[in-house]
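Got chain V sorted already, so can you dock chain C onto it with the hints?
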Amino acid sequence: MSEQSAPGADGSGRPSGRLLEVDGLRVEFRTRDGVAKVINGVTYHVDAGETLAVLGESGSGKSVTAQTIMGILDTPPGFVTAGQVRFHGKDMLKMSPEQRRRIRGEGIAMIFQDSLSALNPVFTVGFQIAEQFRIRRGMSRSDAKKRAIEMLDQVKIPNAKGRYSNYPHQFSGGMRQRAMIAMSLALDPEVLIADEPTTALDVTVQAQIMDLLGELQRERQMGMILITHDLGVVADVADRIAVMYAGRIVEEADVYDLYAKPAHPYTLGLLNSIPRMDEKGQELRTIKGLPPNLMNIPPGCAFNPRCPMAQPVCREKVPPLLQLGRGRASACHFAEELVNRD
Amino acid sequence: MTENIIEVRDLVKHYPVTRGVVFKKTIGHVKAVDGVSFELKAGETLGVVGESGCGKSTLARVLMNLEKPTAGQVLYKGQDISKLSGGALRRLRRQIQLVMQDPYTSLNPRMTVGDLIGEPFEIHPEVAPKRSRRDKVKELLDLVGLNPEHINRYPHQFSGGQRQRIGIARALALRPEVIVCDEPVSALDVSIQAQVMNLLEKLQAEFGLSYVFIAHDLSVVRHLSDRVAVMYLGKMVEVGTEDEIYERPTHPYTQALLSAVPVPDPTVRESKAIIRLQGDVPSPVSPPSGCRFRTRCWKAQDVCAQEVPLLQIRRGSDHPSACHFAEKREIVATHEAA
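Residue numbers (the working numbering), protein chains in the order written: chain V, 175 to 516; chain C, 8 to 345.
These aren't lab readings, by the way, just hints derived from the structure by calculation.
Certain hints may be false.
[Stated by the list, open to error] No farther apart than 20 Å at their CA atoms in a straight line, the calculated lysine to any residue pairs in the SDA-like style are these:
{"hint": "1", "chain 1": "V", "residue 1": "K330", "chain 2": "C", "residue 2": "T302"}
{"hint": "2", "chain 1": "V", "residue 1": "K462", "chain 2": "C", "residue 2": "L150"}
{"hint": "3", "chain 1": "C", "residue 1": "K209", "chain 2": "C", "residue 2": "V185"}
{"hint": "4", "chain 1": "C", "residue 1": "K84", "chain 2": "C", "residue 2": "I12"}
{"hint": "5", "chain 1": "V", "residue 1": "K330", "chain 2": "C", "residue 2": "Q285"}
[What the hints assert, rightly or not] Simulated coverage check for chain C against chain V, where a stretch passes if three residues somewhere in it have a Cβ under 8 Å from a Cβ of chain V:
{"hint": "6", "region": "196-203"}
{"hint": "7", "region": "217-230"}
Positions of the beta carbon are idealized from the N, C-alpha and C atoms, including for glycine.
Isolated chain C, as found in the complex:
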């Protein structure tokens, strides 16, 4: 299957920055997402990595149609989702669901688990008639590895990992085709994180789900993703298969990011060459001209300030990279651990 479920074309999302209370004046824009294109195929997992402020969560919100894009399109099976309304929009929402980062704030503390997971059925009664709802919820609880008898408990009676399972059950309730996971495991402890990741993989195999998996943890993303997109300051800088990104990265930012990931193996301490980036990410209100990474890049030349590098396949490489000087570089020790 290579059908595109979601296609994103030149997506732009700017938020106005205003000054004044009575006479609000727009004094600039936060360019959260600034020209992003990609596609999601049926049954695949697309990982999106990047540091805070790179626009990955805004991307999730636009994909969920919680925000209207400033420009560009998100196509679900060829339909522009921002143009839908009423019944058509409701039908679309059934197909794309979200798992949120923080299982503590994303569950209403005054609702029981049964109500939380059953709530989607209120809006989409065609999925489960009223009588069968509790059985459906129990099935879902069982599916995500929770005890179906706990259907009447409240969120505070569960641990963080269990709550994240509740969030996943809720996202699954309507049998969606796509699940957008926005940092689903980053609030969890290592041993619990692994349990939830295994669950996500199991569910994907069982229901043929497509995931957009957004995270800042590169090793988590590698474990789950078929393809990976790296974002920096509202733009995608490199896209490729998991192997292309992790073994043969060509964009300097990807290389720096990968080299900075701590390797859980003390024996590679000495042999590791970490690329030290200077300074912080620039403000998305006034990103640098040309290539946005140039202010921290060790390869930057004059051309980088003048020309925005396009995300395209370049000479000597097999996957798109948005760097004028894209080239392979061995990222030592990320893959030679024992």
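Next comes chain V alone, as it looks inside the complex:
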């Protein structure tokens, strides 16, 4: 884990320091129908000022990892069976609920995908932001309101003062997402987890929101975990990428390396299957088959039934996530061959 840490291979002079580390995390969901192994040994980290994109399709475990970090995993049915989540080196999974509560908001904050269901419909947007200042900072009502209006202003909501007393349904989708950002940044967190922050938005609004997030992140030198399935958004904003499949990280790399030369057949398949604006007419190269049922993950490499490169060894041995140098890692038996091909 530690060799891989050498930060600033890009020499950007960001403050060093590992903010958040997820280490060997395993989570399972115990349901009536059986045990679903949702996360099977996930390891990643975020430093100050950097953006880590966690990329994966539905059911790959990217959101559950985030929920575990935030301590909002539904237990039951979800149970952490192994691993650590360290914030500034301390394992949060061993902390008391009170200690964890103090980290939430100030240490790590989260933006959710669906802003309409994440905001409380019976309180005004302003109240929901101001509430944090009153409870966590002990501010008076009027001071808290002033700060909340400042926050709304910072996320570029026009007429922030007038908008303070609006209810969530009076905001458009893009504005609600801005309000959510204001709320999550209110206590100046060190790490921001953005779970599909723009998936429900139109492209022009998506561009606005991603810009805003980038700007605020640079200002505050936050570490950001961007959870998404959109390879386009990732290419625009990420520094590093972790690709997840069936509850494991299958590839980790610098954003440029990953797009130029994926080191895992799943990543390659994903990149091939996006319709591109610059290519038309030819049939899309798809990944055949379906993602595995998490109650019954295939033996060996979980991707082997869908993999065009699969060999007998892939059905027997689970490939470990091996370092390939330059901060790259891949969990494929044939990673070297993939990277070295031309």
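Just chain C, lined up with the frame of chain V:
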């Protein structure tokens, strides 16, 4: 073949906004579709793109004759579909079918796949006599890449992509000429999305189908469409071949939309010039006067507030655009990715 299968003329669909419960008063109209004209040729795919609220789904509903237009006409081979009734309407419905966005809510969870796909035959028994129905359904399942032996399964036993295939099989059952696809792949994961798009292309080649393909994802639309229409707030702002729209857009909205599409290639990050639109789409209840895009447009002049720009071919361009100041502009980096 250049025969027009569907012709839409000045189509308008307004929904009343009412206030009060007992004494309902109409206080305005949502102008969902407000004067749209286009034609669909045999065997072609017409892509319709636009952001939420631009009226693309309302358009689909009117094309399917699920809603009566407020004004204007939809002609199917020269016949006004809103004037048909009884047997004639039923015969028309056979020819135009719909694939819906959400494969989770558009399939009845209490019906087996066999019943779902076979249901159209109940209404149109002339297509398949009762005895041969199950064989027909199995054929259809095979055609869309599902296992024919799963005919007795229920929708919940399938994944999202498989369910969308069921929806497509159902739309194909009556051998229609036109399929209206309303966001058919937007609920699916990337790897599955590609499978379904390939299937749609294969079926088109096999049966000579015409598609109206409605989506908000511009790269998906480009991949499948022969011609593309861009909608904004109930109006079409630009229509052209896939090449004309994507390589030589002339309407500022199209240009902004294209520039905002994230390119899956980090190396163009720096060189990309995204046109930032300010603010949100105005409410369709009271759209801006003149050009509807003027409130967010960087080119807006006085004339834009006074005169509604017509969708017509303008100087220096080869395809219709509804902008007083239509001109070409390089949309950097959308097409120079490696």
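Hints versus structure:
1. V/K330 with C/T302: Holds - the C-alpha atoms of C/T302 and V/K330 are around 18 Å apart, at most 20 Å.
2. V/K462 with C/L150: Distance ~16 Å between V/K462 and C/L150 Cα, so the pair holds.
3. C/K209 with C/V185: 15 Å, holds
4. C/K84 with C/I12: Status holds; Cα separation ~5 Å.
5. V/K330 with C/Q285: Cα-Cα ~11 Å, so holds.
6. 196-203: Three-residue rule met by the region 196-203 of chain C, so holds; n is 7.
7. 217-230: holds (count 6)
Hint violations for this structure: none, all hints satisfied.
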